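Using the hints provided, position chain B relative to the given structure of chain A.
Below are the chains, spelled out letter by letter.
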Amino acid sequence: MPSMPGAVLLVEDDPNDVLLIQRAFTKANLQVPMQVVDNGEAAVLYLAGAGDYSDRDQHPLPILILLDLKLPCRSGHEVLAWLRQQPSLRRLPVVVLTSSQEMGDINRAYDLGANSYLVKPVAFNALTEIVKTLDLYWMSLNQAPTL
Amino acid sequence: MSKILHRRITLYFALGLAVLGINVAVSYYHIIRLVHNNALVTHSQEVIITLERMLSTLKDAETGQRGYLLTGSSSYLQPYNSAIAQIYQRVEQLQTLTSDNASQQQRLAILQPLINEKLRELDQTIQLRQTRGLAAAKQVVLSDRGKRVMDQIRGIVAQMQQEEEVLLELRSQQSSTSIQQTTLALSLIAILTLLLLLGVYALITRDLTRRKRAEAALQRSAQRLAILHDIDRAILEAHSSIEIAQSAVARLCYLVPCRQALVLCYHFDAGEAQVLGNSSNGQASLAVGARLPLSSGFSDPVLPNLVLTSGDVSTNGSQSLPTTTVIKDNARPVSLSNGVDLGENCVTLPLRSENTVIGELKLFGSRLVTLTPEHREITQEVANQLAIALEQAQLRERLQQNATELECRVLERTAQLQSANTELEAFGYSVSHDLRAPLRAMQGFTQALMEDYNDVLDGVGQDYARRISKAAQRMDVLIEDLLAYSRLSRAELELKPIDLDSLVSEVIAQLELEIRQRQAQIIVVNPLLPVIAHRVTLVQVLTNLLMNAIKFVASGVQPQIKIWAEARPEARPEAPPHQVRLWVQDNGIGIAPEHQERIFRVFERLHGVETYPGTGIGLAIVRKGVERMGGQVGVESNPSVGSRFWLELPKINTRERL
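Same order as they appear, the protein sequences are chains A and B.
The first sequence begins at 45 in my numbering and counts up one residue at a time.
The second sequence begins at 57 in my numbering and counts up one residue at a time.
One chain only, chain A, in its complex shape (with noise of 0.2 Å):
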């Protein structure tokens, strides 16, 4: 396995979803750092580099950030419209993965510049397969774009 530098961001509130996700990252073999922050805001601060987050070497900028749609004081969507109107940041890859099936959900995070979106699977092993496939699509072929 390649180990690409930069990290992931991880922004999810659940802490079971964290943990799963992180099990599945480390039975994929994956060798990114993961970042982990829990709700919409502190996502915001740590792409901006603020705050708590302004330390770019405990924090450097994620070459991929996995977005989770309902969260505290942000929401996802609310998360990625900052984001795409930030003119440094707004070439980041965002991949949404969230529960949401609906419809509206999908539709509002595609108009919203999501580059994928990936519905949380109940069986572990399908989130395993899930790890695998993102570190396969947007760690090794996707060609990243420059910040």
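Any given hint could be a false lead.
Every beta carbon over 10 Å from chain A, so not counted as near; a handful from chain B, in silico [stated by the list, open to error]: (1) R146; (2) Q448; (3) L495.
Under the rule of at most 25 Å between Cα atoms (straight-line distance), these lysine-lysine pairs were calculated in the PhoX-like manner [unchecked claim]: (4) B:K59 x B:K268; (5) B:K607 x B:K618; (6) B:K115 x B:K203; (7) A:K71 x B:K526; (8) A:K176 x B:K526; (9) B:K194 x B:K115.
FYI, nobody ran anything at the bench for these hints, they're computed from the structure.
On a predicted model such as this, the values are computed, not experimentally measured, just so you know.
Every residue gets a Cβ at the ideal spot worked out from N, C-alpha and C, and that includes glycine.
This is chain B only, laid out in the frame that chain A set:
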């Protein structure tokens, strides 16, 4: 103009013309007679003169003869000769003049030989004087022969003159009588003509007056009609009560002399009277729209101390009881009356709707002007029409109010429904998000437990863990199906023409994995007919149907599925079919007739999960989806042979394109 009058005037003119004609005829007759008489008179005078002349000529001849006889001077023969020359001329004249008178002609006939004889005697004496001298002539003269002839001549001339004198007298008398008669006749005729003319003049004058009066009446009636028409129009144009009343009083004041006109409408249930119309808008206390208590007095410059009461309306409303009602100093009458002029020159007319009094029309006149019966009539008519108009307007207003209320209620209900819908959506959203999180945790951590602590757990423990994981996964499928079902109920489906051929092959492609696993055989009888449907929903429906067909087969049997379509014949054979029925036939386990309706309901399962896994929602989704697309679904099944599911959707018109 009336016919009789016209006939009379014509008659008068005819009579006048006749009288004038008679006048002309009589005048002509009399003038002719007068002229004739005058001619006769002149004629007689001429005869007389000619007679005299003749006699004097004869005398001249005699005088000339005597002079010659005596003197023998031939100078006396000159007048004699000229007289002789004239004498026959005179006689001839007389002959002509008296040619119309027989007796005079007879006398002339006697006269003529006498004249001849005289002339002969004269000539004889002159001859004698010339030849034998005076004595011989004297003898002849002395014989008195000449004198006798001359006397005879004189006698006859006198006779003739007398006759002419008599004639003259007679004709003069006739002329004067004729003149008198003519004068009398002309005077009479003139008087008659004058009378006739006077008669005609009187007739025409009378007719003109009558016409003027009729014209004025016509104008008034036209204005009246205009008011009534306006009120009618107001009814038709859906004006408010106030607009109708205002327009009526404004026009009424124009037609009937009054200081002010008021329209009041009673609301007995509220104990109020409302001012609907007031011709003088300035009165602050009686502003249009103002409400006055019916039972308590109110003072006003217009209605001094007037009290309106609602009592005894029915009795006062009847025509037989025209109560007079100026209401002063809080006396207790009703302000209703039947158009009686009141002490203050006020007329009040009730506005009646059938037998109920709904209001009143009040006219306040000035002291100097009294209303004519015609004015009353107009006011009454306006009041009647106004009553109908107001009733209509009130009905319409009530109807509108009801409609508005209804609309409000509909809006309210819609809002309630919308809020319920929003809540349902929120619920669905919440289920979709939050209900699955714990499932993922259960499933994920059970799996972690099984992986990381497999050596700690014994066989039973491992089995439990597997069961938890499986239950969690089943619950997830259940939630997913429920969400799909509820989404189908909520979503707006935009129906479009769809090509079934490509859609079916797409569905088959999606199910490729399952088909391969089960080694199912699917035959599609192309071409299928195009339909009108919602693509995503139809895909979901067909996926569910095919999944069922693949799934519900007896173990060890290869699933064989056949798909075809047919146009449904209409109830009326001549009408073109507008429904397409799509068939999905399988060789599955089949459904007993008593279960064929149940299977389309939510959570209805015919088999244990272990035999045929599933949530029991699949066919409910099929039915819901097809119904939302305006179609129908059904099944024909024989438990030992298999099932034929069908769904009907609207056919595409040839004009519509895919």
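Now the hints, each set against the structure:
{"no.": "1", "hint": "R146", "in the structure": "157 Å, holds"}
{"no.": "2", "hint": "Q448", "in the structure": "52 Å, holds"}
{"no.": "3", "hint": "L495", "in the structure": "5 Å, violated"}
{"no.": "4", "hint": "B:K59 x B:K268", "in the structure": "17 Å, holds"}
{"no.": "5", "hint": "B:K607 x B:K618", "in the structure": "15 Å, holds"}
{"no.": "6", "hint": "B:K115 x B:K203", "in the structure": "11 Å, holds"}
{"no.": "7", "hint": "A:K71 x B:K526", "in the structure": "21 Å, holds"}
{"no.": "8", "hint": "A:K176 x B:K526", "in the structure": "23 Å, holds"}
{"no.": "9", "hint": "B:K194 x B:K115", "in the structure": "18 Å, holds"}
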